[in-house]
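Novice: Here are the chains, one letter per residue:
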Amino acid sequence: MSTSKPAAHHPPGPTVRRGDPDSAVVSLVGSGGEGAALFGELILSMAARQGLYGVMVQSYGPQIRGGESASLVRVSRREVCHEGEETDLLICFRTPDMGRFRGFIRLHEGSVVTLDSKDTGDLPEWVGTAGVHTYRFPFTNIVDGHEVAGDPKNMLALGLACRYLGWDADLGRHELRQRFGNRPALLSKDLDAFDRGYGSQDMPTMPHLQGSGRNLHIETGNEAVARGAMQAGLRFFAGYPITPSSEILETLIDELPGHGGSVVQAEDEISALGMVLGASFGGVKAMTATSGPGLSLMTEMMGLSAKSEIPAVIVDCQRAGPATGMPSRTEQSDLNHALYSGHGDLPRVVMGVMDVVHARDIMHKAFSISEGYQVPVLVLSDAYIAQRHQIRDEVPPPPAQVNRSVWREDGPTRFNLDTADGVVPFRVPGTPGGQYLAAGIEQTPAGTPSADTTIHALMGEKRWRKMDAIAEHTESWFRVLGKPGATRGIIAWGSNYGLLCEWVKAHPEYRAFVPEILMPFPIKGLEEWRKGLGWTGALELAHTGQFYKYLKTLTDVEGTRSLKRSGGLPLSMVDLDRLIRQAD
Amino acid sequence: MSTSKPAAHHPPGPTVRRGDPDSAVVSLVGSGGEGAALFGELILSMAARQGLYGVMVQSYGPQIRGGESASLVRVSRREVCHEGEETDLLICFRTPDMGRFRGFIRLHEGSVVTLDSKDTGDLPEWVGTAGVHTYRFPFTNIVDGHEVAGDPKNMLALGLACRYLGWDADLGRHELRQRFGNRPALLSKDLDAFDRGYGSQDMPTMPHLQGSGRNLHIETGNEAVARGAMQAGLRFFAGYPITPSSEILETLIDELPGHGGSVVQAEDEISALGMVLGASFGGVKAMTATSGPGLSLMTEMMGLSAKSEIPAVIVDCQRAGPATGMPSRTEQSDLNHALYSGHGDLPRVVMGVMDVVHARDIMHKAFSISEGYQVPVLVLSDAYIAQRHQIRDEVPPPPAQVNRSVWREDGPTRFNLDTADGVVPFRVPGTPGGQYLAAGIEQTPAGTPSADTTIHALMGEKRWRKMDAIAEHTESWFRVLGKPGATRGIIAWGSNYGLLCEWVKAHPEYRAFVPEILMPFPIKGLEEWRKGLGWTGALELAHTGQFYKYLKTLTDVEGTRSLKRSGGLPLSMVDLDRLIRQAD
Amino acid sequence: MKPKDYRSELEPVWCTACGAFGVLKAITQALTDLEVPPEKLAMVSGIGCTSRLPGYTNAYSFNSLHGRSLPIATGLKVARPDMRTLVVGGDGDGFSIGLGHIFHAAKRNVDLTYIVLDNGVYGLTKGQASPTTETKFKQRRGLAGPDEAPLNPVMLLLASGCGFVARGHAGNLPHLRTVIREAIQYPAFSFVHVLAGCVTYQKPEYADEIYHRCDVLPENFPNDDFIAASEAARGERFSLGVIYKKSPGEPLPDGSVTDDDDMGIWRGIQVS
Amino acid sequence: MKPKDYRSELEPVWCTACGAFGVLKAITQALTDLEVPPEKLAMVSGIGCTSRLPGYTNAYSFNSLHGRSLPIATGLKVARPDMRTLVVGGDGDGFSIGLGHIFHAAKRNVDLTYIVLDNGVYGLTKGQASPTTETKFKQRRGLAGPDEAPLNPVMLLLASGCGFVARGHAGNLPHLRTVIREAIQYPAFSFVHVLAGCVTYQKPEYADEIYHRCDVLPENFPNDDFIAASEAARGERFSLGVIYKKSPGEPLPDGSVTDDDDMGIWRGIQVS
Ligand SMILES: Cc1ncc(C[n+]2csc(CCOP(=O)(O)OP(=O)(O)O)c2C)c(N)n1
Ligand SMILES: Cc1ncc(C[n+]2csc(CCOP(=O)(O)OP(=O)(O)O)c2C)c(N)n1
Ligand code: SF4
Ligand code: SF4
Ligand SMILES: [Mg+2]
Ligand SMILES: [Mg+2]
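Note that the protein sequences, when read in sequence, are chains E, L, G and B. Numbering-wise, the numbering used here puts 530 at position 530 of the first sequence, and it's gapless, one number per residue. Numbering-wise, the numbering used here puts 1453 at position 453 of the second sequence, and it's gapless, one number per residue. Numbering-wise, the numbering used here puts 2200 at position 200 of the third sequence, and it's gapless, one number per residue. Numbering-wise, the numbering used here puts 3068 at position 68 of the fourth sequence, and it's gapless, one number per residue.
Derived by calculation from the structure, the hints in this document are not laboratory data. Backbone N, C-alpha and C define an ideal beta-carbon position, used for all residues, glycine too. Errors might be hidden in some of the hints.
Some chain G residues flagged as far from chain L (calculated, every beta-carbon gap over 12 Å) [said to hold, decoys possible]:
id	residue
1	ASP2082
2	GLU2219
3	PHE2226
Derived lysine-lysine pairs resembling BS3-like cross-links, with alpha carbons at most 30 Å apart [unchecked claim]:
id	chain 1	residue 1	chain 2	residue 2
4	L	LYS1189	E	LYS552
5	E	LYS524	L	LYS1552
6	E	LYS483	E	LYS552
7	G	LYS2040	G	LYS2025
8	B	LYS3004	B	LYS3040
9	L	LYS1189	G	LYS2126
10	G	LYS2245	B	LYS3136
11	G	LYS2040	G	LYS2002
12	L	LYS1531	E	LYS552
13	E	LYS189	B	LYS3245
14	B	LYS3245	G	LYS2136
15	B	LYS3002	B	LYS3040
16	L	LYS1189	G	LYS2203
17	E	LYS505	E	LYS524
All chains, please: the whole structure from these sequences, using the hints.
Specialist: Given below as structure tokens:
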């Protein structure tokens, strides 16, 4: 094996550190069908049972079925929302498969690598192979020179990993019984393989990571969005499948009916949001979820939500664009569209999900604002959060919600101008005497269609007054990371939160500001936080620096650096280090 | 009649001046079916025959058919692209009809008003009635106390107006013969009415406006866009009807086939742009035209144009939004959408039409950029330009065009990275050996679909390199108005150009900067022009100051005022004066 | 309640003698017959002259976006099954930009009554061709391909598996009233094709000409027979009446019968 | 040219035994039969597993946006009538998001050959229901309403006035080859419904089960008879072959006959 030499586009940073002593990172690289994802899920589940925290992410090639596939699990004593920088244990069934995962997997000097006994290939240099401890294991079953079906490789790997982590074999066996108890033949095969892996005496072992013993909860970003929405009162969902958002639709199909709600798989995204507006016109809390292409299609309908003042929550799980782009890859490049799309002066609220745990909370806030102010609210998640599995504490009860103010007899006209925050009680169908005309066309306070310059001006002001009221309501909706006295600052949004949690810990000279709401922006909070900063950067995963340019419209960012690259793999510490050095 | 008292939302400015001595403004207010538009067109046509310049605009209520309707014509010795501030002659068949046209028609102290002899009502105060000269004419034919069909009122008005303008009666008769020669019964009725109007001895007359005698050309903004595109080589158009853009489709149905091109009325706007991309993928210059709702629907398809590097020209005739808004009313509020819409980092070019004459020129430029750089180009017009009739000089021959660079045998791969300006020769179907895969998904230089972080980064850079090259190409694509030494500056875009032409003439302390291309922005030109300015304002017809906020992303506009209101009627001098005073 | 109680205060801004007046009247009459409380009535439309109808109706009305009435109405009805939901609009709105939604709505079979006012033209945008515009009219305007023919909406709806397909004429009010009434009563998705004139952008004789090509179906027409319905839907003449009405449990065009007790689009919400 | 000469260098990333392999083969065979020069061949698709087909074909290929293949192909063909234009895609792409475009393409009657690979599921996005998914399958997933039934694409295409409607099965290559060949030869819009399996998101027996419900139409099937075609389109079983083929000048479903010499969608461009 050769020494570690970084790839041209991932120059190593001088400050890169080892995975923290409280956690362990395990990676598995295989081909489609070899169950890398299942391996990751089982490890994560075992961790959760012991009261350990953790994160699991996956990666696969352009084809969703077939091709190479990898999973990476981090287990940790403290809550984490980042998969860690370097792999402690890498298991790889065939070294050529590593090719697809450049940048996804990195080793350190204490890493352990487990390869197939029959595999004579080398690991690629970019993975960082200096000083790693290599262990060989007979994964494949060769008979007469041909590979034949043998023990399931991922179960062998599970046994090996369990041993490496210093976990009890019974933990693994219990996990498999829970999972496959209803398929006894499969279970016994899997148990055998697990035991064979676990029994391999030469496998190195790391010190045991002690969990709290509390049973923790595993969730993906998409599940958290779906469940957060349900807790917030969602009773109608319409969506159209699209990677990486489909699991929101699928989770709600399974779970919303039990909460008294309805789900419709629409014929496309235009109708999905149309159905949401129909349900919300009916007084019911409603939502849709999609990804970039669907969001683009929803643009006209979002304008209708804003104009006719019908609440709607739209979740966008961003992926790399433009156009079809790279459907399974993450990016933060739908921000411009979220902030600015739609003809006409169109008020809308934009929020950013930071990680899986945050996903539930933000849905409460999204519904509060949407229902409370009768506006469309866009919640931006991304592939990195959407598809990630994360261990979290028991879910706290939902915070108090703002509900839609509802019209009663003798209430004001539907678009009454005499309202400080722009909000007028909503006329819920079925209420006697509340009949009115909702419309996409401009209307007078009483709802008559109008083409009058003055009416349009007054109505536009009314619609935008809501944004001022929302800005006040949400002025503390941001998070800061790091020590108050730190003199270097990073402003970021969305899923870079996880990376920044790690970064400020490793680099105490940094602190970070992450808004939870992007439009209206908690600008006072930002200005306050900026005080005393020297060097400042604005970080994002978008080639054109969309977030940075948006900040320019809000405040003076003269001197603030733009730290950006286009999407694909999420940003690593190595990437951030490079971006900072390039910006200087 | 009472004295002039301005409406609350139109406070008068101290600097408002009389219509200039070189021009005359005539307005007609009637009900639908009384032919106000035809009246305006005929006056304009008579002016063009004499070598006079002019502009005609119309206004109507929310219903397109029926209801009140007005037209306003300005004729002038010099080229004008603004309808003038005040009406010299107002003809109104029924005073209550004036109600709809508040802000559209304004009188001055020398104005002449012609009302029906039988009409006992007063003109509304806001029109400015101090000192006007009122003349009564028997437009209606009353028999036994009921109005019965008599002479066509608009033809009576035409005779009166002709007389007022000091034009020869034969000019009017000739005009009518040209127009209605093929319908003799109608013609003779119209001629009779015209003569009756013209014969009314008491009608005041203004000094004769002498034209050059050259026969000039009349065009609407939509016709100019259509014809400019044809001259620039358009050979395929697909569109879906929508106010105020439909006449582009209609003009091309009539005229493009004769130029060897094809027109398809698509089933919606998504397919319209889809068809355009199909034709352009075929190597043919192609365009669509729409208004805000259609533009919103085209968002996803625009991303495909950018990603797959297929040229497309998209004309957006802006109307007041959001949603359906006010379809017949003008606004400049699609700017945000044009600049920023679409998921992913999506390069696109945005241009702004300044007036009807400019509309032809800009189409040449739009096609040059779109074809030359293989990018989507959005051309923003608006209802004010689109529907306006304007007299112009003979059309100059088209400027030299940039054509699409075309692949020949042994040329580079379709998405070759080794290109300074990001452009690679286009593979036109039918070329042997040029077969390739165009796709919405990310691709390698050779065209293989890819989900690789590095490929995506390199391809994104390549696509955005074009924008740098275009910025260089177009750095002088702007206009400046007024005297170089003026110390007060206004930055504006699109159809406010016409108003600013008038404004800087009346206010020599002002000069103006109007970009022809908005993205990439001719920023060097703007910085150069700003030198020496004291007070500066950014003017636009959009409630949220979209243009102003965009400027913030480009340069330091600290100290520059935002001058804005939402749409409906176009901005008048009175409005601009008020906005300036409010901003101070 | 009388028909006029189903009218809002707004005066229609349609041209005098527009076919839409008749349809507005027939709808209010059918609502009177059915005694629908206005607060339990929803009316959703797209954009177009005829799509202004909800504004003139005393209901929870939604004059939405061009072509999108059906998705909006579907969301409303699924979330609020207690609301009687009518969907109205023009031929451009429904058969051009909105065409795809119709088949999905028919397939989903949510209890909506969809009434299309087909005047064979885009009225609001001043006279362009629609998918049901006669070929000659389109060709005069240069907008039809040589082999192009108008769509036949009744035929398409039948093919979609829609369980209730009917046709009326805006000039035959007593008949239209009964057809609309029956459509509203039908417990699943129903479709009414209404032939209506546009006095401004069609030639003046248009409505009459069409009217003379109409035949009211006989009382004993076997409208539970799909083949008979298909035949009534073809040809130069327009059959008026309930052309097809599927009884629950009868096979659909693909031959399948569905179980009514299977779980489906989730209907968990109980409002009032 | 041999079938493999119509293949590009890319290796398909479909699952082993995906129905799309057969269709790719049948198309390349039909192209061989017709001797289409690759540079005169265009293939447009939307997005989906089956929409990857153009990438594997030696042609001017366009793997465009989900549901939008037909408008793109229409623009190409009208602007470049010299290009032989095939349109391919899946059932989700064509019958869900793209459904409206089909009827407009059929009505416009531009000379495109539209081949839908119907595996009754959304393959690429991992197994959600499509408009042709069997109701039971959907209901198991909670996505079909109680009265819902799959769409019948052949029936819908017949109702749209499409002049050429055929069906094949991805497992019967010799038959599929002839059907696709005949569709490409048809001088106006033609539609081929191909039953294809998804081995990953349908149950393993799916393709076989469907196959056993197929009947190849007899040689003497009167495919110029609309009523016979409609009957062949209904029912539990799938007729394979050219189900309907209208001769020019024959009345369309609305009964009208169009003049071929009238001006229409303008075709002024002459390229090579
Ligand atoms: C997205 C979008 N595209 C186009 C339009 C313009 N538009 C408004 S109504 C209409 C067609 C009207 O035709 P139809 O539905 O037949 O109604 P009618 O006026 O004839 O009653 C069109 C094209 C629009 N409002 N929105
Ligand atoms: C606008 C948009 N919505 C959704 C998607 C996600 N998507 C991609 S393919 C597909 C459906 C695929 O089904 P089908 O057309 O039947 O193709 P198959 O994979 O079964 O061959 C969907 C929903 C997308 N790419 N774009
Ligand atoms: S234009 Fe036609 S459809 Fe519109 S209101 Fe007038 S008659 Fe009715
Ligand atoms: S998932 Fe289904 S449709 Fe997609 S490649 Fe695999 S078998 Fe084919
Ligand atoms: Mg119509
Ligand atoms: Mg499919």
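Novice: Each hint: holds or not?
Specialist: Checked hints:
Every C-beta of chain L lies more than 12 Å from that of G:ASP2082, the closest at about 27 Å, which supports listing it as non-interface. Distance check for G:GLU2219 against chain L: the nearest CB is about 38 Å away, which clears 12 Å, and the non-interface claim stands. No beta-carbon of chain L is positioned within 12 Å of the beta-carbon of G:PHE2226; the least distance is around 28 Å. The hinted pair formed by L:LYS1189 and E:LYS552 fails the criterion: a straight-line CA distance of about 65 Å is larger than 30 Å.
A distance of roughly 19 Å separates the Cα atoms of E:LYS524 and L:LYS1552; the hinted pair therefore holds under the 30 Å criterion. A threshold of 30 Å between alpha carbons decides the hint, and for E:LYS483 with E:LYS552 the separation of about 26 Å falls inside it, so the pair holds. Restraint check for G:LYS2040 and G:LYS2025: satisfied, since their Cα atoms lie roughly 19 Å apart, inside the 30 Å limit. A threshold of 30 Å between alpha carbons decides the hint, and for B:LYS3004 with B:LYS3040 the separation of about 17 Å falls inside it, so the pair holds.
For the hint linking L:LYS1189 to G:LYS2126, the alpha-carbon distance of about 27 Å falls within 30 Å, and the restraint holds. Straight-line distance between C-alpha atoms of G:LYS2245 and B:LYS3136 comes to about 24 Å, which keeps the hinted pair within the 30 Å bound. Note on G:LYS2040 and G:LYS2002: the hinted pairing holds, with a Cα-Cα distance of about 16 Å set against a maximum of 30 Å. This hinted pair checks out: L:LYS1531 and E:LYS552 have alpha carbons roughly 22 Å apart, not beyond 30 Å.
Under the criterion of a C-alpha separation no larger than 30 Å, the hint pairing E:LYS189 with B:LYS3245 is inconsistent with the structure, at around 57 Å. Restraint check: the Cα-Cα separation between B:LYS3245 and G:LYS2136 comes to about 24 Å, which is no more than 30 Å; the hinted pair holds. Between B:LYS3002 and B:LYS3040, the direct Cα distance comes to roughly 16 Å. Compliance with the 30 Å bound is thereby established for this hinted pair. At most 30 Å may separate the alpha-carbon atoms for a hinted pair to count; L:LYS1189 and G:LYS2203 meet this at roughly 23 Å.
A hinted pair counts as satisfied when its Cα atoms are at most 30 Å apart, and E:LYS505 with E:LYS524 qualifies at roughly 25 Å.
Consistency with the previously given hints fails for numbers 4, 13, ordered from lowest to highest.
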